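Chemist: Below, each chain spelled out in residue letters.
2 protein chains.
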Amino acid sequence: MATNSALILVLLVLCIGSVFADWNILKQIKRKNEGDETSSNNLKNYCESWRINVELNNIREFDVVPHECIDHIKKYMTSAQYIADSERAIEEIRLYLTSCCSLHGDGKDAWIFDVDDTLLSTIPYYKKHAYGGEKVNASSLEAWMKSSKAPALEHTLNLFNEIKNKGVKIFLVSSRRETLRSNTVDNLIDVGYHGWTGLQLRGLEDEHMKVQQYKCEERKRLVNNGYRIWGITGDQWSSIEGLPTAKRTFKLPNSMYYIS
Amino acid sequence: MATNSALILVLLVLCIGSVFADWNILKQIKRKNEGDETSSNNLKNYCESWRINVELNNIREFDVVPHECIDHIKKYMTSAQYIADSERAIEEIRLYLTSCCSLHGDGKDAWIFDVDDTLLSTIPYYKKHAYGGEKVNASSLEAWMKSSKAPALEHTLNLFNEIKNKGVKIFLVSSRRETLRSNTVDNLIDVGYHGWTGLQLRGLEDEHMKVQQYKCEERKRLVNNGYRIWGITGDQWSSIEGLPTAKRTFKLPNSMYYIS
Numbered sequence: 361m362a363t364n365s366a367l368i369l370v371l372l373v374l375c376i377g378s379v380f381a382d383w384n385i386l387k388q389i390k391r392k393n394e395g396d397e398t399s400s401n402n403l404k405n406y407c408e409s410w411r412i413n414v415e416l417n418n419i420r421e422f423d424v425v426p427h428e429c430i431d432h433i434k435k436y437m438t439s440a441q442y443i444a445d446s447e448r449a450i451e452e453i454r455l456y457l458t459s460c461c462s463l464h465g466d467g468k469d470a471w472i473f474d475v476d477d478t479l480l481s482t483i484p485y486y487k488k489h490a491y492g493g494e495k496v497n498a499s500s501l502e503a504w505m506k507s508s509k510a511p512a513l514e515h516t517l518n519l520f521n522e523i524k525n526k527g528v529k530i531f532l533v534s535s536r537r538e539t540l541r542s543n544t545v546d547n548l549i550d551v552g553y554h555g556w557t558g559l560q561l562r563g564l565e566d567e568h569m570k571v572q573q574y575k576c577e578e579r580k581r582l583v584n585n586g587y588r589i590w591g592i593t594g595d596q597w598s599s600i601e602g603l604p605t606a607k608r609t610f611k612l613p614n615s616m617y618y619i620s
Numbered sequence: 361m362a363t364n365s366a367l368i369l370v371l372l373v374l375c376i377g378s379v380f381a382d383w384n385i386l387k388q389i390k391r392k393n394e395g396d397e398t399s400s401n402n403l404k405n406y407c408e409s410w411r412i413n414v415e416l417n418n419i420r421e422f423d424v425v426p427h428e429c430i431d432h433i434k435k436y437m438t439s440a441q442y443i444a445d446s447e448r449a450i451e452e453i454r455l456y457l458t459s460c461c462s463l464h465g466d467g468k469d470a471w472i473f474d475v476d477d478t479l480l481s482t483i484p485y486y487k488k489h490a491y492g493g494e495k496v497n498a499s500s501l502e503a504w505m506k507s508s509k510a511p512a513l514e515h516t517l518n519l520f521n522e523i524k525n526k527g528v529k530i531f532l533v534s535s536r537r538e539t540l541r542s543n544t545v546d547n548l549i550d551v552g553y554h555g556w557t558g559l560q561l562r563g564l565e566d567e568h569m570k571v572q573q574y575k576c577e578e579r580k581r582l583v584n585n586g587y588r589i590w591g592i593t594g595d596q597w598s599s600i601e602g603l604p605t606a607k608r609t610f611k612l613p614n615s616m617y618y619i620s
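Protein sequence lines, in the order shown, are assigned to chains A and B.
The first sequence begins at 361 in the numbering used here and counts up by one.
The second sequence begins at 361 in the numbering used here and counts up by one.
Honestly, I wouldn't trust all of these hints.
Once the Cα atoms are required to be at most 30 Å apart in a straight line, the calculated DSSO-like pairs of lysine-lysine come out as [said to hold, decoys possible]:
| hint | chain 1 | residue 1 | chain 2 | residue 2 |
| --- | --- | --- | --- | --- |
| 1 | B | K607 | B | K488 |
| 2 | A | K404 | B | K570 |
| 3 | B | K580 | A | K580 |
| 4 | B | K524 | B | K488 |
| 5 | B | K524 | A | K404 |
| 6 | B | K487 | A | K404 |
| 7 | B | K509 | B | K570 |
| 8 | A | K607 | A | K526 |
| 9 | B | K435 | A | K435 |
| 10 | B | K607 | A | K495 |
| 11 | B | K488 | B | K468 |
| 12 | A | K434 | B | K434 |
| 13 | B | K607 | B | K524 |
| 14 | A | K435 | B | K434 |
| 15 | B | K487 | B | K435 |
| 16 | B | K607 | A | K607 |
| 17 | B | K488 | A | K580 |
| 18 | A | K434 | B | K404 |
| 19 | A | K495 | A | K524 |
Don't read these hints as lab results, they were simulated from the structure.
Computed from a predicted structure; not experimentally measured.
Could you build the full structure based on these sequences and the hints that come with them?
Modeler: As structure tokens, then:
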């Protein structure tokens with residue numbers, strides 16, 4: 361009788377005890393999560409501000425992604441948000457093309473595309489180089505470009521074909537060096553790009569210029585040859601800014617590196 | 361005896377039962393959260409892409425914030441992230457000012473500031489108008505501006521004073537109408553701004569021009585008067601783009617409205 365009562369008591373204590381145990385564990389988990397959130401939110405805000413100010417062209421000429429923001433940039437550049445942001449930019453170009461341009465159809469309507477991170481993605485390269493967190497090593501980057509393994513940015517490939525089908529001449533103006541021409545052409549064709557009118561790469565004579573000036577010189581040449589540049593699509597402000605400009609310009613997101 | 365055994369059995373069942381009940385509830389909560397996350401993430405990606413493409417100047421001339429994104433823009437414009445993004449832009453101006461400019465100190469060094477959402481915040485007004493989700497009603501907005509109750513953007517106020525203390529002349533170029541001059545001056549002084557060299561507002565003669573052209577005309581006038589414009593700070597691309605430009609321009613975030 362006594363042993364039974366004791367057993368009942370023990371079971372009662374166990375029941376009540378287990379409920380309180382659960383309660384305490386839940387409280388501890390909650391407290392821990394809240395703590396982690398606060399500190400990780402501060403870093404997230406800081407790194408997101410860095411990224412946004414790069415996109416706004418307020419932060420310029422950076423050599424590397426700040427060490428503490430490598431994970432944030434990696435997360436963005438490999439996210440559905442990066443794809444969504446790029447696709448929305450492409451969608452806005454489509455919208456613009458439906459209303460913008462009284463195309464003359466005389467072979468002088470032109471559109472300019474940047475190559476890297478506009479037509480082709482360099483993410484597979486930067487994935488091995490801390491997503492911009494390591495200072496760019498030109499020879500290692502060029503070795504990768506020589507392998508012609510850069511994938512297409514699918515949304516840009518679709519736009520490229522739509523613009524070409526409108527009879528607009530497409531000019532690719534890239535800061536890649538002339539020595540990479542055959543590898544670049546192979547890469548572009550392998551992933552589905554063909555039918556461009558010009559592919560401008562940097563010759564030795566262009567290397568004394570900053571990239572923005574070099575790209576302006578190319579646009580000047582096109583304008584002097586009677587082309588009407590309806591638009592520019594690029595991931596760097598240096599592909600878009602300066603004179604002569606285009607009727608509209610479109611900036612794709614890219615916070616892994618800065619080319620001036 | 362039998363009753364005791366029965367009681368022991370009941371307590372055992374209760375103990376085991378309570379554990380399984382907890383387990384099931386936790387599983388249900390987890391499943392529900394995952395479901396909600398997927399759908400809300402899609403809308404979040406969509407609205408964040410809209411906002412980013414506004415900041416990149418890929419989306420232009422919008423009348424209202426898309427209805428489905430009002431909550432997202434409200435969340436951003438009232439967030440620590442908006443403050444962090446703005447403060448980082450201001451911090452980059454400070455950095456630029458330490459190295460950019462061989463100030464002549466001849467009274468011809470100049471800096472241009474936009475007024476709304478650069479020096480003063482219109483968030484208290486847009487808070488009552490769906491954060492840009494309602495088409496702007498000029499007379500209701502001007503009535504609010506007449507009340508001179510716009511708060512300062514603290515980080516810009518600090519920068520304003522630092523630039524002034526360097527002996528750089530500050531010019532405020534705003535798309536507010538000339539009829540709002542006294543209310544604008546009262547508001548600026550009330551919140552701590554003073555000592556600017558010029559406050560340019562839109563006269564009747566400027567109303568045939570788009571805001572960007574009007575602001576370019578003002579910069580032309582400054583340049584013709586011998587001023588060196590070291591920088592422009594504004595929240596709209598129309599405050600920053602066009603010729604003559606400044607040595608550097610800085611864009612503050614604002615996705616509530618678009619002024620062309």
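Chemist: Against which earlier hints does the structure fall short, listed by number upward?
Modeler: 1, 2, 4, 5, 11, 17, 19
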